[in-house]
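Just so you know, the sequences run in chain order V and G.
Letter by letter, the first sequence follows residues 1 to 274 in this note's numbering.
Letter by letter, the second sequence follows residues 275 to 354 in this note's numbering.
Here chain G is said to cover these stretches of chain V; the calculated rule only asks that three of the stretch's residues, wherever they fall, bring their Cβ under 8 Å from a Cβ of chain G:
#	segment
1	44-58
2	63-69
3	118-131
4	134-148
Now the stretches of chain G that chain V is said to cover, found in silico as 3 or more residues with beta-carbon under 8 Å:
#	segment
5	294-302
6	343-350
When the alpha-carbon atoms are kept at most 25 Å apart in a straight line, the in silico DSS-like pairs for lysine-lysine are as follows:
#	chain 1	residue 1	chain 2	residue 2
7	G	Lys-321	V	Lys-129
8	V	Lys-245	G	Lys-329
9	G	Lys-321	V	Lys-8
10	G	Lys-329	V	Lys-214
11	V	Lys-129	G	Lys-329
12	V	Lys-193	G	Lys-329
13	V	Lys-8	G	Lys-329
It should be emphasised that the hints constitute simulated quantities derived from the structure, not laboratory data.
The beta carbon of each residue, even a glycine, is placed where N, CA and C say it ideally should be.
So the chains spell out like this:
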Amino acid sequence: MRVKVLEKNERSIEVLIEGISLPIINAIRRYAMTQVPTMAIDEVLVMVNTSPLFDEILAHRLGLIPLKSDEALEKYRSPEECAECTAYARGCENCFAYLRLEAAAEGESVTVYSGDIVSDDPDITPVYKNIPIVTLAPGQRLVVEMRARLGRGIEHIKWSPVTVATNRYVAKINVDRSRCDLCKRCIELCPRKIFYIENNELKVRNEMNCILCKQCERSCPKDAIMLSWYEDKYILRLESTGVLKPERILSESISMLIKKLDELHEQMNKVTVK
Amino acid sequence: MQEDSDRSPIGDESMIIPIRCFTCGYPIGAVWEEFVKRVRAGEDPAKVLDELGIKRYCCRRILISHVELVREVMYFTKKS
Ligand code: SF4
Ligand code: SF4
Ligand SMILES: [Zn+2]
Numbered sequence: 001m002r003v004k005v006l007e008k009n010e011r012s013i014e015v016l017i018e019g020i021s022l023p024i025i026n027a028i029r030r031y032a033m034t035q036v037p038t039m040a041i042d043e044v045l046v047m048v049n050t051s052p053l054f055d056e057i058l059a060h061r062l063g064l065i066p067l068k069s070d071e072a073l074e075k076y077r078s079p080e081e082c083a084e085c086t087a088y089a090r091g092c093e094n095c096f097a098y099l100r101l102e103a104a105a106e107g108e109s110v111t112v113y114s115g116d117i118v119s120d121d122p123d124i125t126p127v128y129k130n131i132p133i134v135t136l137a138p139g140q141r142l143v144v145e146m147r148a149r150l151g152r153g154i155e156h157i158k159w160s161p162v163t164v165a166t167n168r169y170v171a172k173i174n175v176d177r178s179r180c181d182l183c184k185r186c187i188e189l190c191p192r193k194i195f196y197i198e199n200n201e202l203k204v205r206n207e208m209n210c211i212l213c214k215q216c217e218r219s220c221p222k223d224a225i226m227l228s229w230y231e232d233k234y235i236l237r238l239e240s241t242g243v244l245k246p247e248r249i250l251s252e253s254i255s256m257l258i259k260k261l262d263e264l265h266e267q268m269n270k271v272t273v274k
Numbered sequence: 275m276q277e278d279s280d281r282s283p284i285g286d287e288s289m290i291i292p293i294r295c296f297t298c299g300y301p302i303g304a305v306w307e308e309f310v311k312r313v314r315a316g317e318d319p320a321k322v323l324d325e326l327g328i329k330r331y332c333c334r335r336i337l338i339s340h341v342e343l344v345r346e347v348m349y350f351t352k353k354s
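Please work from the sequences and hints to get the whole structure.
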């Protein structure tokens, strides 16, 4: 097995994985989207809202604001534990982070930003401070209290730590040079600029960038291009919403998958040993 | 069938810039103000979007086509 990081920055990670079958990589991808927990505002108590947005729309917008979750995974209980907890209704601080938002427009209209949200827990704050939540006309007021908790993307997408999670094939591009007459059609058509001509020969570069759209294969007048893909090489790409570092999402997703499989393994042994 | 032509094509959800992209979930709300400011100052929207790191057309279409209606309707709320 071989893993190579193709791209890594604050927001996204792209890795080339060799020697694992697609279903497993896909499971990792789906776990990243639906199972890795993050913090998000889940309950909103509206005390005053004379803004132009209905309470429900306001609450929905607040829920979608990404909250920093790096520390939350250790600090707060898992959503399953919290759901079973009898103190849930009262709200214990092992499950919830408390946040407040207060704004009023006096003489001029005021835009309320995510940065105006005050959190009791300094680790749980909005990732971006400049998301407009609502605009208040003069005389309007907004007072809300919020509870954020850990949740998973499978329950609501606001808890998903990723925006885009994809895996793709790695292309194998074969050019039959005896047929190619250098008409340059493929060069013009390829959206990824894979082909170029050097020394009177059609060359291929950065195969990894090919999206297998097959434009080249379909439009080559000489039928000189043959596309296929590697059976054991895949590219996994995760883009974070900002709540967790992309590499953290990847490792959490893998460890959660392993945990699930361990559980299954244990259960299976119990059932079959009987 | 009822005539729909009088209705505004823009629903409530477009009144104020969405927090996330409807399609991919990217937090586009965070770049809205800079986007508007720079485009109003005369910059090319495509270039601004590129520089803000908005790559996908799902996010780009929301930012490009958004009309900030909230600034007009905000005066017509019930008094309390
Ligand atoms: S389209 Fe076909 S014939 Fe033309 S340059 Fe490309 S490979 Fe060669
Ligand atoms: S399949 Fe598409 S991206 Fe890949 S080389 Fe052909 S035209 Fe380019
Ligand atoms: Zn998008």
